[in-house]
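Engineer: If you want the building blocks of each chain, they are given just below.
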Amino acid sequence: MSTSARNRELGGERTIDALVEIAHRRMAPRLARVRRPQARVGVVPSPLGRLLVAMSEAGIAMIYFLDVPHGNAADAIAMLRRRFEAIEDQPAVAGIGEEIRRFVAGDLAALITPVDLSLVVSPFQRRVLERLRKVPPGAVMSYQALAAAIGAPRGSRAVGNTMASNPVPVYVPCHRVIRSDGSVGNYGGGVSSKLRLLRAEGFRIGEDRRVAAGAVLGHQRTRIYCRPSCSAARRADPARMMIFADSARARGAGLRACRQCLPG
Amino acid sequence: MASISSLAIPPTFEDAVRSHERGLMRYLMRTTGDREDALDLFQETWLRAYRAYPALKAGTTLRPWLFRIALNLCRNRARDRMRRARVMVHDGHELVDRATVPGGDDGAIALGSAINALPPNQRRSLIMRKLDGLSYGEIGASLKCSPESARAHVYQALKKLKSAAD
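Chains as they are written, first to last, in the working numbering: chain A, 1 to 264; chain B, 1001 to 1166.
The set of hints was computed from the structure by calculation and includes no laboratory data.
Everything hinted at is true.
Far from chain B, some chain A residues (derived; all Cβ distances over 10 Å):
hint : residue
1    : Val68
2    : Leu117
3    : Glu130
4    : Ile150
5    : Leu195
6    : His219
7    : Ala232
8    : Ala236
Not the full set, but computed from the structure, chain B residues with beta-carbon under 8 Å of chain A:
hint : residue
9    : Ala1008
10   : Thr1012
11   : Glu1021
12   : Met1025
13   : Ala1038
14   : Leu1039
15   : Phe1042
16   : Trp1046
17   : Tyr1050
18   : Arg1051
Here are the simulated SDA-like cross-link-like pairs (lysine to any residue), alpha carbons at most 20 Å apart as the crow flies:
hint : chain 1 : residue 1 : chain 2 : residue 2
19   : B       : Lys1057   : A       : Arg36
20   : B       : Lys1057   : A       : Asn72
21   : B       : Lys1144   : B       : Gln1156
22   : B       : Lys1057   : A       : Asp75
23   : B       : Lys1130   : B       : Lys1160
Even for Gly, the Cβ is constructed at its ideal location relative to N, Cα and C.
Extracted from the complex, chain A is given alone in its bound form (with noise of 0.2 Å):
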């Protein structure tokens, strides 16, 4: 029999069509549940450089550094899209890259758009990223205070790749993770972009990359802020302690000074 003879029979092209139909209504409530959300993506220029940026319903599921020498869009699309649904949208995400400039410009409150963590797998890592947006503007932790504060101290390697795979960074604020010696360690947006915005937030940073001066310490239990120098610091835990730009921020993050050593 011929194709054109054996279609006749099947009932033709408008069968075929309220079959496709069918089928459509017939599995709506199958697809709906493996059915991936959308997310809108777009390209916006920063001080960071440009970052490709995408925007789900709940918020942004991914910034992505364009002008480091690693950057490389189809690979960031490709893992976007293993959870989303990419659309091209540039208007949806042109915002991000006004709030981030108006960040490095010292407007520490303007980033305002929710995250979508959802990119996040392991729920370690969703611990960890959870726990650092706790982190004030003005502070920094060591990856070893990190992994100490979500209650894994001997995880600090695992928080340094979970800071390396953070689909978020400046509102899931990895930039704020240093190396337990003060050095503000490495970044996925090239640490100049580490520098510019520990910098705006109000560190000191010095040739030797080192956040310490000027900072007063805060431990993360005790909610006390002491100077560096302060004998009860020094025998504090430093997987407890928090660093803080200045005595101003470290108030603002609730913590009071020490008694002992009256930083101000």
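Fit chain B to the supplied structure of chain A, relying on the hints for placement.
Structural biologist: Just chain B, lined up with the frame of chain A:
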């Protein structure tokens, strides 16, 4: 600033597949010759392709990939039907294709009653494994026992059936 189009975001699955849907349905109708089967396999193909689409290598042509999924599903279904038909006959509940039964109806009925005589968990495990093609893990989950126990149930069931046949 680079334009967004230089990012080369692939189309969404729904946009990409739309122009192939009618061809796929026509293909399934022709392959299965049955409206309900074609409808089922269309949904199965579509949903599988939807799940796998993000991992599809850039530059892969969608149509042959889609039809390959459909063809594999048609084959799976045909194979499962064969297996089911055989087991159904052996099970003694329904005689689907007598010609495929070695030893004829008597053998089938004897085997059916041997299966019915098995302890409940062994019978259930055997049916789930051989009739429904479930994994031991899935059987274990449904019988609230470990996958190893599920495997042991099936082994014991087969052993008893074999000795009943001898």
